[in-house]
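Student: The lines below spell out each chain.
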Amino acid sequence: MANEKKPGVFTGPLWTNNPVVVQVLGICSALAVTTQMKPALVMGISLTCVLAFANVIISVLRNTIPNRIRIIVQLVVVAALVILVNQILKAYVYDVSKALSVYVGLIITNCILMGRLEAFALGNKPFPALLDGLGNGIGYALILFITATLRELFGSGTLFGYDVLARFVNEAGYDGYQNCGFFTMPAAALIILGCIIWYQRAKNPDLQDK
Amino acid sequence: MKLNDYINEKIDPLFQKGGKYEKLWSIYDSFHTFLFVPRHTAARKGVQVHDSVDSKRVIMMVILALVPAALVGMWNVGYQHDLALGINDGWFMQFLYGLVAFLPKVVVSYAVGLGIEMAVACMKREEVAEGFLATGLLIPMIVPVNTPLWMIAVATAFSVIFAKEIFGGTGMNIFNPALITRAFLFFAYPKAMSGDEVFVRTGSALCNSPIEGTAVVDGFSGATPLAAVADGTFDPVTYSTMDAFLGCIPGSIAETSTLAILLGACLLLVTRVASWRIMCSVFVGGALMSAIIAAFSENAPTVAQQLCLGGFAFAAVFMATDPVTGCRTNTGKYIYGLFIGVMAILIRMFNTGYPEGAMMAVLLGNACAPLIDYCVVNSNISKRAKRVNA
Numbered sequence: 001m002a003n004e005k006k007p008g009v010f011t012g013p014l015w016t017n018n019p020v021v022v023q024v025l026g027i028c029s030a031l032a033v034t035t036q037m038k039p040a041l042v043m044g045i046s047l048t049c050v051l052a053f054a055n056v057i058i059s060v061l062r063n064t065i066p067n068r069i070r071i072i073v074q075l076v077v078v079a080a081l082v083i084l085v086n087q088i089l090k091a092y093v094y095d096v097s098k099a100l101s102v103y104v105g106l107i108i109t110n111c112i113l114m115g116r117l118e119a120f121a122l123g124n125k126p127f128p129a130l131l132d133g134l135g136n137g138i139g140y141a142l143i144l145f146i147t148a149t150l151r152e153l154f155g156s157g158t159l160f161g162y163d164v165l166a167r168f169v170n171e172a173g174y175d176g177y178q179n180c181g182f183f184t185m186p187a188a189a190l191i192i193l194g195c196i197i198w199y200q201r202a203k204n205p206d207l208q209d210k
Numbered sequence: 211m212k213l214n215d216y217i218n219e220k221i222d223p224l225f226q227k228g229g230k231y232e233k234l235w236s237i238y239d240s241f242h243t244f245l246f247v248p249r250h251t252a253a254r255k256g257v258q259v260h261d262s263v264d265s266k267r268v269i270m271m272v273i274l275a276l277v278p279a280a281l282v283g284m285w286n287v288g289y290q291h292d293l294a295l296g297i298n299d300g301w302f303m304q305f306l307y308g309l310v311a312f313l314p315k316v317v318v319s320y321a322v323g324l325g326i327e328m329a330v331a332c333m334k335r336e337e338v339a340e341g342f343l344a345t346g347l348l349i350p351m352i353v354p355v356n357t358p359l360w361m362i363a364v365a366t367a368f369s370v371i372f373a374k375e376i377f378g379g380t381g382m383n384i385f386n387p388a389l390i391t392r393a394f395l396f397f398a399y400p401k402a403m404s405g406d407e408v409f410v411r412t413g414s415a416l417c418n419s420p421i422e423g424t425a426v427v428d429g430f431s432g433a434t435p436l437a438a439v440a441d442g443t444f445d446p447v448t449y450s451t452m453d454a455f456l457g458c459i460p461g462s463i464a465e466t467s468t469l470a471i472l473l474g475a476c477l478l479l480v481t482r483v484a485s486w487r488i489m490c491s492v493f494v495g496g497a498l499m500s501a502i503i504a505a506f507s508e509n510a511p512t513v514a515q516q517l518c519l520g521g522f523a524f525a526a527v528f529m530a531t532d533p534v535t536g537c538r539t540n541t542g543k544y545i546y547g548l549f550i551g552v553m554a555i556l557i558r559m560f561n562t563g564y565p566e567g568a569m570m571a572v573l574l575g576n577a578c579a580p581l582i583d584y585c586v587v588n589s590n591i592s593k594r595a596k597r598v599n600a
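So the sequences go chain by chain: H and R. So the first sequence is numbered by our numbering: it starts at 1 and just counts up by one. So the second sequence is numbered by our numbering: it starts at 211 and just counts up by one.
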């Protein structure tokens with residue numbers, strides 16, 4: 001039975017049970033850090049690491065944690081991991097860390113984390129928990145990445161800070177691309193997320209609300 | 211054979227189910243109902259309104275009401291151009307200049323908007339809804355004359371898809387699509403939507419780049435009266451209220467002339483297309499708020515100036531009265547109108563980021579309209595329940 005579950009545990013959250021567009025968790029950070037691609041990518045990787053490690057640790061401890069204080073234990077584990085990640089970011093990619101500001105710290109309160117710890121890690125062995133953590137983290141990162149790509153491309157005309165659109169249009173001999181300021185606003189992220197959800201529901205009719 | 215019979219017998223079956231052009235039925239039907247009396251009116255028995263006034267004809271009224279504002283707006287575009295150049299080539303040339311600058315915007319907005327609407331209608335095999343006929347004319351009327359055509363196309367596409375079709379098309383939208391277009395432009399391309407240089411056309415009429423041999427001014431910069439209000443340099447004496455009322459001040463294309471807008475308002479009120487409750491209460495709310503501000507601040511515009519400047523009158527007459535996005539209950543209409551009037555002046559005076567508050571105020575009013583209606587209906591229910599229980 002465990003063998004049947006494994007692929008689903010990892011691949012499910014990537015698309016058909018995606019934490020952002022299906023479970024609609026972690027929206028705040030998806031709106032806040034997706035103006036540029038670099039912070040979005042770093043945020044996605046950070047969350048994936050924290051989620052994978054937290055899932056494994058909680059899964060290892062699951063039989064020793066008293067039920068009444070399990071939330072506090074989860075928070076301690078997550079907080080320790082988040083502080084680690086935050087320190088690493090500050091040490092190696094300081095500018096991205098500044099761009100992400102409080103949102104790395106706020107991984108602690110990210111609904112995806114608590115949701116996966118409560119729903120999966122507490123009831124499963126470490127290896128499936130690792131897969132589940134990776135799957136959900138990458139699923140989150142994927143949506144962040146798509147959103148950030150569109151927002152940076154149309155909002156600033158760049159990808160990873162490299163001038164794409166303006167250069168391309170200029171060579172063709174036009175006036176150059178005019179940045180659409182709307183895409184740098186959180187409202188645009190919400191609309192892009194909505195479009196992803198729209199597309200996904202259209203492809204998977206069983207996800208549609210009855 | 212008469213034209214009507216010919217159409218009914220030869221052309222009609224092509225578009226019906228099983229016909230050659232079955233998929234284009236929506237488009238055919240939209241032209242047919244546009245050109246001819248609707249085929250289906252209410253049955254001639256029972257208590258019903260028997261006439262052919264459908265929403266296409268209601269919306270034609272709105273378009274007719276927009277005509278005076280559009281005409282004066284076009285003339286004003288040419289007039290401002292002449293002022294900037296320091297020449298005067300007569301009102302007809304000025305009008306012609308404005309017409310050439312205005313018409314492409316109308317064509318683009320209709321082509322993009324109706325194109326999307328027809329595509330969606332064909333996909334759903336529904337009738338093409340008429341709502342966009344008014345929206346498509348409103349959009350070019352509320353943008354600065356220097357707005358590039360592609361911006362209008364992008365913004366129109368955005369608002370038709372995300373403010374209208376997503377909610378289910380005409381009659382289902384929460385926000386006024388024309389104002390969403392304006393808001394999108396305002397947030398996406400702020401430099402093209404406000405500031406000193408966008409309201410007066412300085413290039414040739416058709417495109418912005420100067421054409422050889424035509425007289426152009428480049429880099430003309432003059433603050434609109436509203437911009438002066440926003441940055442605190444407004445002087446109530448230099449801006450004549452009469453100019454603002456008649457419409458010879460710089461501004462978005464068709465919102466400058468309060469007189470022409472009021473002419474349109476008369477038509478809307480006489481034909482009962484627009485609600486007088488909303489229209490009046492917007493003006494009352496705006497007047498009230500400007501009176502309060504004028505009483506406490508020395509160089510604030512007077513009440514008359516506040517009502518004539520910027521897009522306030524246009525928003526009150528054509529935007530706030532949109533029956534789809536406004537309040538339905540009569541009490542609600544008063545509250546809704548007052549709210550919009552007060553907010554428009556408040557945003558205009560105290561938020562320096564937004565020189566004109568009318569657009570934001572109406573959108574905010576749209577968002578609040580269902581809540582206002584809900585409160586009015588519920589308070590009525592509880593009032594009557596009390597009477598029953600007493």
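Simulated from the structure, these hints should not be mistaken for lab results. Since we're looking at a predicted model, the values are computed, not measured. Yeah, the Cβ is synthetic: ideal placement off N, Cα and C, and Gly gets one too. Don't take each hint at face value.
[To be verified] Examples of chain R residues toward chain H, derived with CB under 8 Å:
# : residue
1 : Tyr-216
2 : Ala-321
3 : Gly-325
4 : Phe-372
5 : Phe-397
6 : Tyr-399
[To be verified] Derived lysine-lysine pairs resembling DSSO-like cross-links, with alpha carbons at most 27 Å apart:
# : chain 1 : residue 1 : chain 2 : residue 2
7 : H       : Lys-203   : R       : Lys-334
8 : R       : Lys-334   : R       : Lys-401
9 : H       : Lys-203   : R       : Lys-596
Student: All hints, please: hold or fail.
Tutor: Outcome of the hint check:
Because the closest C-beta pair between Tyr-216 of chain R and chain H is about 42 Å apart, greater than 8 Å, the hint is violated. The restraint placing Ala-321 of chain R at the interface with chain H is violated, with a minimum CB-CB distance near 21 Å, outside the 8 Å limit. Interface hint status for Gly-325 of chain R: violated, as the beta-carbon distance to the closest one in chain H is roughly 20 Å, over 8 Å. The restraint placing Phe-372 of chain R at the interface with chain H holds, with a minimum CB-CB distance near 6 Å, inside the 8 Å limit.
Checking Phe-397 of chain R against chain H: minimum C-beta separation of about 5 Å stays under 8 Å; hint holds. Given the 8 Å rule on beta carbons, the hint for Tyr-399 of chain R holds: about 7 Å separates it from the nearest Cβ of chain H. Of the pairs offered as hints, the one joining Lys-203 of chain H and Lys-334 of chain R holds, with about 18 Å between alpha carbons and a cut-off of 27 Å not exceeded. Restraint check for Lys-334 of chain R and Lys-401 of chain R: not satisfied, since their Cα atoms lie roughly 38 Å apart, outside the 27 Å limit.
The hinted pair formed by Lys-203 of chain H and Lys-596 of chain R fails the criterion: a straight-line CA distance of about 52 Å is larger than 27 Å.
The earlier numbered hints that this structure contradicts are 1, 2, 3, 8, 9.
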